[in-house]
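Protein chains in written order, with my numbering: chain W, 1 to 296; chain X, 1001 to 1341; chain B, 2001 to 2543; chain Z, 3001 to 3505.
Hint data in this document are derived by calculation from the structure and do not stem from the laboratory.
Hints may contain errors.
Claimed, not checked - The following residues of chain B were derived to be distant from chain X, with all beta-carbon distances above 12 angstroms: (1) 2026; (2) 2127; (3) 2147; (4) 2151; (5) 2155; (6) 2167.
Said to hold, decoys possible - In silico EDC-like cross-links for lysine to aspartate or glutamate, where the CA-CA straight-line distance does not exceed 16 angstroms: (7) Z:3253 / Z:3275; (8) Z:3139 / Z:3071; (9) Z:3372 / W:57; (10) Z:3457 / Z:3316; (11) B:2105 / X:1049; (12) B:2171 / B:2151; (13) Z:3136 / Z:3101; (14) B:2012 / W:29; (15) Z:3455 / Z:3434; (16) Z:3115 / X:1333; (17) Z:3139 / Z:3204; (18) Z:3090 / Z:3204.
Yeah, the Cβ is synthetic: ideal placement off N, Cα and C, and Gly gets one too.
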Amino acid sequence: MSDTTLPPTVAERKTGSGALAHTIYVLRENPVTALSFAMFAFFIGSALLGPALVPYDPLQTNAANALQAPSWSHWFGTDNLGRDVFSRVIVATRLDLIISVSAVALSFVIGSVLGAVAGYRGGWLDVVLNRFLDTIMAFPLFVLAMGIVAALGNSISNIILATAIINIPFYARLVRAEVNIRREAGFTLAAKLAGNSDTRVLAFHIFPNALPPMMVQVSLNLGWAILNAAGLSFIGLGVRPPTPEWGIMVAEGANFIVSGEWWLALFPGLWLMLAVFTFNLMGDGLRDIVDPRRRT
Amino acid sequence: MARRSSATLNRILQAIPVLIGVVVISFILTRALPGDPAVQFAGAAATPESIEEVRRSLGLDKPLPEQFLIYVGDLLQGDLGQSVSTGRPVATELASRLPASLELTLSALILSCLIAVPLGVLAATRPGTWIDQLCRILVTAGVSLPTFFTGIVLIYVFYYLLGIAPSPLGRLDFVYLDPPRITGFFLIDAAIAGDWETWFGALKQLVLPATTLALFTLAPIARMTRAAMLSALAADYVRTARAAGLGPGMVLYGYAFRNALLPVVTTLGMVFSFVLGANVLVEKVFAWPGIGSYAVEALVVSDYAAVQGFVLAMALLFVILNLLIDLSYSLIDPRFGTSSK
Amino acid sequence: MLTIKDLKVAFKTRRGDVQAVKGISFDLAKGERLGIVGESGSGKSVTSYALMRILDAGGRIKSGEAVYDGIDLKQAAERDMREIRGREISMIFQNPRAALNPIRKVGHQLEDVLRQHGRATRQNAKAKAIEALEAVKINEAAERYEAYPFELSGGMCQRVVIAIALACDPKLLIADEPTTGLDITTQKAVMDLVDDLVRAREMSSILITHDLGLASEYCDRIVVMKDGVIVEEGRPADLFSNPRHAYTRKLVDATPRRGASIRSLLPEDQRAPLAARTIGNSPMMEVVNLTKTYQGKSGPVYAVKGISFTIREGESVGLVGESGCGKSTTSSMIVRLLDPTSGHLLFRGEDIAKLPSENFSRHPLRQKIQMVFQDATDSLNPRHTARQSIAEPLKRLTGLKGAHLGERVEELAALTGLPSHLLDRFPHQLSGGQKARVGIARAIAPDPDLLILDEPTAALDVSIQAVVLNLLADLRARLGMSYLFVSHDLNVVRLLCDHVVVMKGGKVVEAGAVETVMDTPQNPYTRELLTAAPQAPARKTAA
Amino acid sequence: ASDTLVAVTGQTINSLDLHRTGTNRASYQVAINSYDRLITFGSKTLEDGSVSFDYSKLEPELAESWAISDDGLTITFKLKPNAVFWDGSKVTAEDVKWSFDRAVSVGGFPSTQMKAGGLVRPDQFEAVDDATFVVKLDKPSKLSLPDLAVPVPFVINSKVAKEHATADDPWATEYLHTTPAGSGAYKVARWDSGQQIVYERFDEWAGGPLPKVRRIIVREVPSPATRRALIERGDVQVSFDIPDKDAAELAEKVKVYSTPIANTMHVVGLNYTFEPFQDPNVRKAIAYAIPYKDIFDTAAYGRGAPLWGGSETIEDTSWPRKSPYSHDMEKAKELLAASAYPDGFEVPLSISTDLASWMEPTALLIQESLGKLGIKTEIEKIPGANWRTAVLVEKRLPLHLENFGGWLDTPDYYFFWAYQEGNLFNSSNYRNEEIETLTSETLHMAQDDPEYAPKIKRMFEIAMEDLPRIPLYQPALNVAVNSADGYEFWFHRQLDVRSLTNVES
Ligand SMILES: Nc1ncnc2c1ncn2[C@@H]1O[C@H](COP(=O)(O)OP(=O)(O)OP(=O)(O)O)[C@@H](O)[C@H]1O
Ligand SMILES: Nc1ncnc2c1ncn2[C@@H]1O[C@H](COP(=O)(O)OP(=O)(O)OP(=O)(O)O)[C@@H](O)[C@H]1O
Ligand SMILES: [Mg+2]
Ligand SMILES: [Mg+2]
């Protein structure tokens, strides 16, 4: 490391240090990450355009055409009411993404606020929060979600709420730890010296630094949220019929596997798996993107 | 030693507010459940009077705070109440079902560790290579499937199509008799009784459900092992060990791995409580007589005492689990309970 | 005994191959003590790792030769290398605490090595390990055998590391900055110990350091490295008193030493005369009976036990003492980041100790008292560019906005010698010296009257330290600020300060004008500090 | 053949004592297999060759014979002399009295069921001597004797039970809950709640011909897919109450019995408290809009019996009977146009989570079809625990699916529960003065009474006109049997294991 300053190198000028360039760099560096982002784009695409593009009305029943195996006219076959499984799978993308993204967003926000305040203030606040989180964690999480949905009714918003609640401890813990180690960091003190109030220091200086590890958590939770909804469907607490949703389709289709109508569960299952898979694999990439230290 | 035991005692004290919280929340949650247990249990063709009578006999006619006080009072005497749907004390019921769940969960975790930990170590020693990526994709695929789906597919393939697996009928096929109950764990009880045929029978029944759960837990364990191993391998003391000429096995396992174990143990604890939750679904698929399926049944029929008992049992288990983790921590890490950790 | 010829080492990285060592050659005779000096990143460590073949993944010896005692280290099988490591050549590292396995008893770590090399059996391993601990003069060796690293002090940890390195009687010891992170008095004890052991066992040694004083004191011959090549070598006396290569000269000049002036640390062509400054008589900051007591887990910790001193307008006061004596605590209280337990802080007569630190960020005086932190890396928000970091206090404290703000930032960058194209980089994209400049620019941005500098150069190379110290001296003259300069290095304090306060255990043991204290120390502790510091060689031609 | 037989079911047995509060329906099988009643129904062979109970035939079980007094108010039973309990003690009239007293005293479902036969108070029962037992009725009823053949009035070993009775628990419910004490064909060798019940044959059984199989295991397997795999692979011999779909498909591989359940209908309930349903045109429009055939094919896979498209004229008193409605969208539109709601309205369509297997496809098809009329429905899935409360107790669901079945196989009995105001299964809050009187008149009237048939026909007419319940189809009870034989259908929809036999495959 020399003290003489180098003029910007050619390479630097070409790629720049903008966020977009950095994202492209992260994607290019790791093929698995790139793949996961491509798949994510595909899911977003189906969520946005899917309903307009699918060949059949996902709700249209046709008793005469029930339980048809996959064919050219019905790529993924038809279900017990003769509805087109392919259309249902694609149309379900939007709802599933909404469920997982809003559940995660909700727990992200609540967990961040709780964790950040407790981690920064410390003291009794911290103790109280920790006990509270312990209490939530002491419930078997899936059963807690079941209980909440059962108690409040199985609407989409309650499924989201239940999923969010069981995920809050993960975020709060993470943020608490990340904030705590930076509470006395040099740049925190420097921010105070620069005239920032405690709230500003916390919100604009400390908290953003917790983002990279949180991105990994977010990606894992996006997947869990969908699985959670699927599990609730299996117990009978999923979204209301006839709304297409992967979890409910897999849960209902699962009972048809042994009788040979494998496509009912397989295709929604495959989509669900791909989505969870995509979310999980995206984690490291997301982290690298929000981490300026990864910029070169 | 004094330091460790005081740290452990501290942990136990910390658990008390958690347990109180669990008691309160589970009480509120059950009361918020829809459905009227009195109607449910008055049975078919019940008249309004008989429903009222059932309500009275269940103590549900009293105001909520009073119900809560009665519940807490019973609880303090070790009485978890009586499940209305099974008519048996919740405590007995849980005691008979808990070993089934634990046996399944533990077998799944052991299986998962046996696969995930070496995978994680393998990936950590070759970061960035195709082996690393393959491990990542493999374990992520495992966690991407809903457990009930995996379970049914496994049954379909290994039992229905191939006929390799035994019939998915719970813990033991009916050709065997339950081993004499000592621990409630069939594998252990059968081994104690020296009844290897039953032992093998119980093992066969365990394979599919345990695999289902294990697939689900590979990812967190493997990921954490990899991360922890990576940072341990990059640590100065590993360099010192290598510079001192220690063999690669000693460096990898005696030095790096033992240090990496700490975060892995923490993850294991989390995964364990996670799996206990996921059990609910797997037990349903495999007709496994564990507490997960008990809880679902109870929840569906608003069986207050049973749900509360289940939640409380799980919370206790969670607290014990944390104590065990602390204990293993204090065994692995001499710094446990000091400020340097 | 060791011959290195044209050794080249390269690392595979995201941005292609990095040539860390670009062809170096030297020999080492039996019993010789070789020193390798050079700035950070010059390839010192990589050279030694290459010899031991313990390079990180991605690192590899590209070409050249390294022959030890007839064995080709480059070609030897991994199994043979394992025999060589520890038994023939061994190493000690910087940061001794991290170099030991935190969860294994130190005795067992010693045994691992002894048994690996067949120096001990299961039965006698313990005895041998205790023996090895005794050899490094650890008192109560038998008890220490059972200790974990976290139960030992830094100095003791380094002794254990040395014991491990010497357990199997190697012929060559490589010490890679063995004393960074240790107190100056501990440093001396450790270095003396190593030296005694090496001499007693007639071993060869290689000491890697960036401290020329240390090298000249403990080495027979020195090679100077820069950017992966050796630029010069020779006996310490010759090399330092008469350096031939410009880089060596720069290095020697930059090392603070008795009798040097602050400008003489810089290369000759950069020694512009210092602007004059005036020291007022009126006190700017009066520290009166300041105490701080922390509520620790095991009872109260008395970090600062009632200290008093005064900083006058325009004056620079040095605060020195060993690690843990309360320097940082004191400076945190003065800069109002920490509330004192008792005592007064009179800033131009106003007692600011009464204002709670939480609200001080909105107090008008906030602008007047600023601070430069010890660790430049830690003190810059990793998510903010240099520009954002410097602009932050301007926005908050002076209310500058838009174009004015941009101008002012550029101006500050120019003032601190930071090229403006670096302003949009993130901290990790800056070198240590550049980060230090950002830190200083940020601190002087709101035009403070009192600047507290908490070991601002501790993490920097000597030549960068020289530049930073000069920058501080220039700024002081131009902006008329007062400094409270915290350091553990008396030689540095002497260069910059007018007045010095020596602390020990939370108390002031000696205070006075710099020259007086340094030349005629009254307190034994001050004397100890002064003698423990290795004496850097002076150039004959030094100004 | 082995002397063990394994049956699987998706239901859970939660008690061994039918009289206990909270005992679920699946548990009734214990009362059937392990206890005896005085009398039982006979059997008949149906057209498809399967065996079913015969409501018209009463046969002895514990009673050797019985006689009804001329005024119809006293029934005298003579007990079989060789009837013994499992502990070897004789079955006495005292035991019968204690058991009947218990059934009318414990309250809840057993008492309600006893009441249907006019059995209300303990003083109606008298043990004249060890072998003679007398039942006195307040008024003669055709339902009294059949009501003694349902699972409820089973005979308990009162000596054993009394030993375990306490002041708090005079009927020994705690004890009998887990430990049956009966004289039935099968002793309970073992019961693992939530897992299995193991029956062991009682060799001295006097109630009927000695069963062939010594040991019968009934395993609970919640997952229908798993149950299907098990029966198909022949690892179990009986899979009880399988889904219609499996029944349709398994029929090719194993023997499947699908018996339309006596006196039971799946219906659409139209709640009269919901304003639009007070309009007869709306009700009829809905009745014409329902795609009956599609529902029968997709929800029931053609199992059971259709209940639509019947003739307008009512010739007989058989029940359930086809309604005169069928799927006709034109007619439906006309009717709705003629109603006060020509543009339709919005209404939730409620179904139960527990019964989703038939309710959900049915609801979806109805939803779609009503949508075409302009009637917007949102499907509301109500958890099992809440379902009874909402649909039967509070009767607050405007549009819902329902499936009452009467144990006593007479139309008046069905009408009593489902069409008379205030009764539990009248989930539509329906009230019609004529129905009220007709039901009361016919309920106890003998079926061969000349007035009976005309009154019943009139009731049918009104019900089809007023349409508080639109019949869909008569569901079937499906049982798959692999390497076993002797299955008999019973109105109580429980597995009677006594007749089962193993067959060498
Ligand atoms: N694992 C690695 N991958 C890539 N480059 C590396 C790696 N290790 C070292 N280098 C590079 O090799 C060069 C020499 O590093 P080395 O550690 O030998 O420096 P040093 O002289 O020991 O410095 P210091 O005084 O800071 O310890 C540096 O430029 C560094 O960036
Ligand atoms: N938050 C705290 N809680 C308890 N004790 C503390 C705390 N901060 C510092 N101390 C203790 O106060 C004493 C003085 O610490 P301080 O950081 O001021 O030392 P220092 O002179 O700056 O040392 P160094 O040269 O290592 O930076 C030390 O013994 C330290 O352990
Ligand atoms: Mg180095
Ligand atoms: Mg300090």
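Here's how the hints hold up against the structure:
Every Cβ of chain X is farther than 12 angstroms from the Cβ of residue 2026 (chain B); the closest lies at roughly 20 angstroms, confirming the non-interface assignment. No Cβ of chain X comes within 12 angstroms of the Cβ of residue 2127 (chain B); the nearest lies about 19 angstroms off, and the non-interface call holds. The claim that residue 2147 (chain B) lies off the interface is violated: its Cβ sits roughly 9 angstroms from the closest Cβ of chain X, which falls inside the 12 angstroms cut-off. With a cut of 12 angstroms on Cβ distances, residue 2151 (chain B) falls inside the contact zone with chain X, its closest approach being about 8 angstroms.
With a minimum CB-CB distance of about 17 angstroms to chain X, residue 2155 (chain B) clears the 12 angstroms threshold, and the non-interface call stands. Residue-level check failed: residue 2167 (chain B) sits 8 angstroms from the nearest beta carbon of chain X, not beyond 12 angstroms. Note on residue 3253 (chain Z) and residue 3275 (chain Z): the hinted pairing is violated, with a Cα-Cα distance of about 50 angstroms set against a maximum of 16 angstroms. At roughly 9 angstroms between alpha-carbon atoms, residue 3139 (chain Z) and residue 3071 (chain Z) fall within 16 angstroms of each other, so this suggested pair holds.
For the hint pairing residue 3372 (chain Z) with residue 57 (chain W), the CA-to-CA distance comes to about 15 angstroms; that is within 16 angstroms, so the pair holds. Restraint check for residue 3457 (chain Z) and residue 3316 (chain Z): satisfied, since their Cα atoms lie roughly 7 angstroms apart, inside the 16 angstroms limit. Using a Cα cut-off of 16 angstroms, the hinted pair residue 2105 (chain B) and residue 1049 (chain X) is violated, with the two alpha carbons roughly 74 angstroms apart. Distance hint between residue 2171 (chain B) and residue 2151 (chain B) is unfulfilled; the C-alpha atoms sit about 31 angstroms from each other, more than 16 angstroms.
Among the hinted pairs, residue 3136 (chain Z) with residue 3101 (chain Z) is consistent with the structure: their alpha-carbon atoms are about 13 angstroms apart, no more than 16 angstroms. The hinted pair formed by residue 2012 (chain B) and residue 29 (chain W) meets the criterion: a straight-line CA distance of about 14 angstroms does not exceed 16 angstroms. The straight-line distance between the Cα atoms of residue 3455 (chain Z) and residue 3434 (chain Z) is roughly 10 angstroms, inside the 16 angstroms bound, and the hint therefore holds. Between residue 3115 (chain Z) and residue 1333 (chain X) the CA atoms are separated by roughly 72 angstroms; this puts the pair beyond 16 angstroms, and the hint is violated.
Pair hint residue 3139 (chain Z) plus residue 3204 (chain Z) does not hold up; C-alpha atoms about 37 angstroms apart against a cutoff of 16 angstroms. Only pairs whose Cα atoms come within 16 angstroms are accepted, and residue 3090 (chain Z) paired with residue 3204 (chain Z) is accepted, the gap being roughly 11 angstroms.
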